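Peer 1: In order, the protein sequences belong to chains Z and S. The opening residue of the first sequence carries number 1 in my numbering; numbering runs sequentially from there. The opening residue of the second sequence carries number 160 in my numbering; numbering runs sequentially from there.
I should point out that these hints are in silico values taken from the structure, not numbers from a laboratory. Values in this document were obtained by computation on a predicted structure and should not be read as measured data. Keep in mind that a hint or two might mislead.
Stated by the list, open to error - DSSO-like, lysine-lysine: derived pairs with alpha carbons at most 30 Å apart:
1. K210/S / K140/Z
2. K161/S / K174/S
3. K127/Z / K161/S
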Amino acid sequence: MSATIRLQREDFDVAAEVGRLTHGRSDIGAVVTFTGVCRGDEAGEPIAALTLEHYPEMARAEIARHVEEAQGRWPLLGVTVIHRYGRLLPGDNIVLVVTASAHREAAFAAAEFLMDYLKTRAPFWKKVERASGAVWVEAKASDDAAALRWRPAGRDAAE
Amino acid sequence: MKLVYFAWVRERIGKAEEDISPPTSVVTVADLIAWLSQRGEEYAHAFENPKVIRAAIDRNHARPDSPIANAGEIAFFPPMTGG
Numbered sequence: 001m002s003a004t005i006r007l008q009r010e011d012f013d014v015a016a017e018v019g020r021l022t023h024g025r026s027d028i029g030a031v032v033t034f035t036g037v038c039r040g041d042e043a044g045e046p047i048a049a050l051t052l053e054h055y056p057e058m059a060r061a062e063i064a065r066h067v068e069e070a071q072g073r074w075p076l077l078g079v080t081v082i083h084r085y086g087r088l089l090p091g092d093n094i095v096l097v098v099t100a101s102a103h104r105e106a107a108f109a110a111a112e113f114l115m116d117y118l119k120t121r122a123p124f125w126k127k128v129e130r131a132s133g134a135v136w137v138e139a140k141a142s143d144d145a146a147a148l149r150w151r152p153a154g155r156d157a158a159e
Numbered sequence: 160m161k162l163v164y165f166a167w168v169r170e171r172i173g174k175a176e177e178d179i180s181p182p183t184s185v186v187t188v189a190d191l192i193a194w195l196s197q198r199g200e201e202y203a204h205a206f207e208n209p210k211v212i213r214a215a216i217d218r219n220h221a222r223p224d225s226p227i228a229n230a231g232e233i234a235f236f237p238p239m240t241g242g
């Protein structure tokens with residue numbers, strides 16, 4: 001299975017990334033893409049920009065670990081994860097997850113699994129620029145809950 | 160060992176990384192946080208609420224009771240907000 005992980009400042013082209021996964025193949029029957037986009041507000045206040053800080057070596061390793069776990073859980077034929085860093089403006093792309101499989105169930109589930117883990121386990125941090133000053137975005141309990149539902153009952157979230 | 164800091168932990172401490180040699184009594188991640196907190200106001204500020212501090216040992220998520228012996232690089236950062 002082909003897995004591509006990229007951390008980059010530059011934008012990405014969703015159609016080109018899908019094409020990269022499917023080109024020349026006839027075994028893929030489903031491709032799911034998720035694109036995370038920079039909103040123009042945070043916690044009800046307008047923002048001018050968003051800066052993403054990351055821990056490059058760990059981010060790459062952590063995403064790779066979760067791609068590997070997704071491959072073990074679902075019959076995937078291709079995965080691409082691209083996460084941007086640096087200063088982004090409202091409307092800019094932030095993150096892309098593409099999953100390919102023979103059938104849609106695996107592709108949908110794996111894309112959602114990867115996004116839930118990216119949000120809570122991949123070492124990225126968002127700082128937003130607002131009229132009242134720049135602040136770090138606080139982690140949401142709802143994101144932790146979303147990631148936890150993929151865990152077997154009783155297993156510790158920090159493991 | 161090398162310490163690296165990210166986001167507001169980095170901002171409060173005022174540096175992105177440093178090399179340290181903690182005493183042998185510092186055994187776990189929680190011990191290291193307590194030891195660092197004594198090093199000055201900026202550290203005390205960064206680690207004032209240890210519950211919201213996340214740690215990684217050699218690029219793997221760690222827990223407060225994780226042993227730091229043999230660690231090459233330990234990272235401290237707030238809960239992650241990527242995606």
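Peer 1: Take the hints in turn and mark each one as holding or not.
Peer 2: Verification of the supplied hints:
no.: 1; hint: K210/S / K140/Z; in the structure: 15 Å, holds
no.: 2; hint: K161/S / K174/S; in the structure: 12 Å, holds
no.: 3; hint: K127/Z / K161/S; in the structure: 25 Å, holds
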